[in-house]
Structures are given as C-alpha cells and as structure tokens.
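Enquirer: As given, the protein sequences belong to chains A and B, one line each in that order.
In this text, residue positions in the first sequence follow the working numbering: the first is 2, and each later residue adds one.
In this text, residue positions in the second sequence follow the working numbering: the first is 2, and each later residue adds one.
Simulated from the structure, these hints should not be mistaken for laboratory data.
Computed from a predicted structure; not experimentally measured.
For glycine and all other residues, C-beta sits at the position ideal for the given N, C-alpha and C.
Keep in mind that a hint or two might mislead.
[Said to hold, decoys possible] Partner residues are not named here, just some residues of chain B that face chain A (Cβ under 8 Å, in silico):
id, residue
1, Val4
2, Asp18
3, Ser23
4, Val41
5, Thr45
6, Asp46
7, Thr49
8, Tyr54
[What the hints assert, rightly or not] Just some of the chain B residues that point at chain A, by a computed CB distance under 7 Å:
id, residue
9, Ile20
10, His27
11, Leu42
12, Ser44
13, Thr91
14, Tyr92
15, Val95
16, Tyr96
[Unchecked claim] Non-contacting residues of chain A with respect to chain B, defined by C-beta distances greater than 12 Å in every case (computed):
id, residue
17, Lys12
18, Pro48
19, Thr58
20, Glu61
21, Ala68
22, Leu73
23, Glu74
24, Ala77
25, Ala80
26, Thr85
27, Arg87
28, Pro97
Number of protein chains: 2
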Amino acid sequence: MIVTCVFVHVKAEHVSDFIAASRGNHQGSVVEEGNLRFDVLQSTDDPTRFLLYEVYTTPEAAARHKATAHYLEWRAAVADWMATPRHGETYRVVYPADVSRW
Amino acid sequence: MIVTCVFVHVKAEHVSDFIAASRGNHQGSVVEEGNLRFDVLQSTDDPTRFLLYEVYTTPEAAARHKATAHYLEWRAAVADWMATPRHGETYRVVYPADVSRW
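Work out the full structure, taking the sequences as your base and the hints as a guide.
Expert: The following block contains the structure:
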C-alpha cells in the first residue's frame, strides 16, 4: 500500500470552485482499481488549504490515477486556482498493515 | 468528522522503537468510541518521518483520545525519541461526506 498526501493552497476566491471541481475527482478515484481511499480535507485553521489523502494498493495503481479522465479534468480545472504550487509526500503504511482494514 | 494529521520526526536510532510503541496506540485508538481511522505512515523519502492520520466523528471524541491509557503510554514512551517537536494540523472532511464511507 502507498499513501500520497497532496498539500494544496488555493486562491481565496476559488475555494468554492476547488471544492466543486474536486468532487468529480474524488468520485472517479474511489472506484479506480487499486484505490483504497481518496479523502479531500480542508484545513480548519486556513480554509484555503486542502489535503488530498490518496491511498492505493500498489505504486502502479497510484501511477495509473494520473492517466484517468477525472484526474486530468481536475488538473486542468484547478490549474489557475493555485495560490502556491501544490506538493505531494509519499508514505508507506505501517498500521493498519492488513489491506482489509482499509 | 474531524481529521488530525500529526507530523512526527524521530531520531534515527529510535525508528524501530517508535514503530513498536505506535502499535499499541494504533490498536487502542481504532476501538475508541468515535474513532474512524488511526493510520500510522512512514515517509518513503525519509524513514525518520511519520504521519499519524487520526479521524474521529466529533471534536469531543478526538479530545477523549488524549485521555486514554494507550495514548498516554505512547506519549511517555516516545517523548525522548523526537528529533524535532511533533505538530498537528486539523482538517474538516469535504469528501467523502458520508460517515459510512469512513
């Protein structure tokens, strides 16, 4: 299993747009083969900051996400709404180690 | 629902100790009332960096975690193993909005 945390900083005037555009990416991603989670979170301290918590069974499944129509559509839609470039951090799962717990 | 991401930087010589100590905290936390997830992740780029992804149904349930025996035991065990102070960031859930999807 592999987890990618994507930290996103959105221009204040596009927060609602970002939430709306991310719905399709979430819905498409959670039905991808190998997807375990695709959580979209908004900071309670700063509503312009979001975290995408993307969990896949394999690195290959995570890579395939970036070729999907819903991802490419989202990427294009949000491109001009970033306040600063987003960045991803990758993690391996320590616990829960059992894939059935995801 | 409320998500707390705790970013942890462990001294290199205590990485294995930290993983071992976090097992009990994970196992105790996932059976707390109101807990939805308690994921323990290790950075693929830097094995001394960990992320705890703690999801609760309410802020009250998240607060109660800090009074549990497994949390207090973990906190005491890891206190001397931190390379830098750990910090938490709190998020609200955008998607999936349905608690049954957690």
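Enquirer: Now tell me, hint by hint, if it's right for this structure.
Expert: A quick look at each hint next to the structure:
Taking 8 Å as the C-beta cut-off, the interface hint given for valine 4 of chain B holds, the closest approach to chain A being about 5 Å. Annotation: aspartate 18 of chain B was flagged as interfacial toward chain A, and the flag is violated, the nearest CB pair being 13 Å apart, outside 8 Å. Checking serine 23 of chain B against chain A by beta carbon gives a least distance of about 7 Å; that is within 8 Å, so the hint holds. With a cut of 8 Å, the hint placing valine 41 of chain B at the interface with chain A holds, because the nearest CB-to-CB distance is about 4 Å.
Evaluation of the threonine 45 of chain B hint against chain A yields a held restraint, the C-beta minimum of about 5 Å falling below 8 Å. With its C-beta approaching chain A no nearer than about 7 Å, aspartate 46 of chain B sits inside the 8 Å limit, and its interface hint holds. Residue-level restraint check for threonine 49 of chain B is violated (minimum Cβ-Cβ distance to chain A is 13 Å; threshold 8 Å). For tyrosine 54 of chain B, the shortest C-beta to C-beta distance to chain A is roughly 7 Å, which falls under 8 Å, so the interface hint holds.
Because the beta carbon of isoleucine 20 of chain B sits about 6 Å from the nearest beta carbon in chain A, less than 7 Å, this interface hint is met. Hint on histidine 27 of chain B holds. Least Cβ distance to chain A is approximately 4 Å, under the 7 Å limit. Interface restraint check for leucine 42 of chain B: the shortest CB-CB distance to chain A comes to about 4 Å, inside 7 Å, so the restraint holds. This hint holds: serine 44 of chain B has a C-beta 6 Å from the nearest C-beta of chain A, less than the 7 Å allowed.
This hint holds: threonine 91 of chain B has a C-beta 5 Å from the nearest C-beta of chain A, less than the 7 Å allowed. For tyrosine 92 of chain B, the interface hint holds, since its Cβ comes within 7 Å of a Cβ in chain A; the closest pair sits about 4 Å apart. For valine 95 of chain B, the shortest C-beta to C-beta distance to chain A is roughly 4 Å, which falls under 7 Å, so the interface hint holds. Proximity of tyrosine 96 of chain B to chain A holds as hinted, the smallest CB-CB distance being about 4 Å (cut-off 7 Å).
Every C-beta of chain B lies more than 12 Å from that of lysine 12 of chain A, the closest at about 17 Å, which supports listing it as non-interface. Its beta-carbon lying about 9 Å from the closest one in chain B, proline 48 of chain A breaks the requirement of being farther than 12 Å from that chain. The Cβ of threonine 58 of chain A sits about 15 Å from the closest Cβ of chain B, beyond the 12 Å cut-off, so the non-interface label holds. The Cβ of glutamate 61 of chain A sits about 15 Å from the closest Cβ of chain B, beyond the 12 Å cut-off, so the non-interface label holds.
Remark: the non-interface label on alanine 68 of chain A is consistent with the geometry, its nearest Cβ contact in chain B lying 21 Å away (cut-off 12 Å). At roughly 19 Å, the least C-beta separation between leucine 73 of chain A and chain B is larger than 12 Å, which holds for a residue marked as non-interface. Every Cβ of chain B is farther than 12 Å from the Cβ of glutamate 74 of chain A; the closest lies at roughly 16 Å, confirming the non-interface assignment. Listed as a non-interface residue, alanine 77 of chain A keeps its Cβ farther than 12 Å from every Cβ of chain B; the least gap is roughly 19 Å.
Every CB of chain B lies more than 12 Å from the CB of alanine 80 of chain A, the least distance being 19 Å, so the non-interface label holds. Under the 12 Å C-beta cut-off, the non-interface status given to threonine 85 of chain A relative to chain B holds; the minimum distance is some 16 Å. With a least CB separation of 15 Å from chain B, arginine 87 of chain A remains clear of the 12 Å interface cut-off, as annotated. Some Cβ of chain B comes within 12 Å of the Cβ of proline 97 of chain A; the nearest lies about 7 Å off, and the non-interface call is violated.
Violated hints for the displayed structure, listed by number in ascending order: 2, 7, 18, 28.
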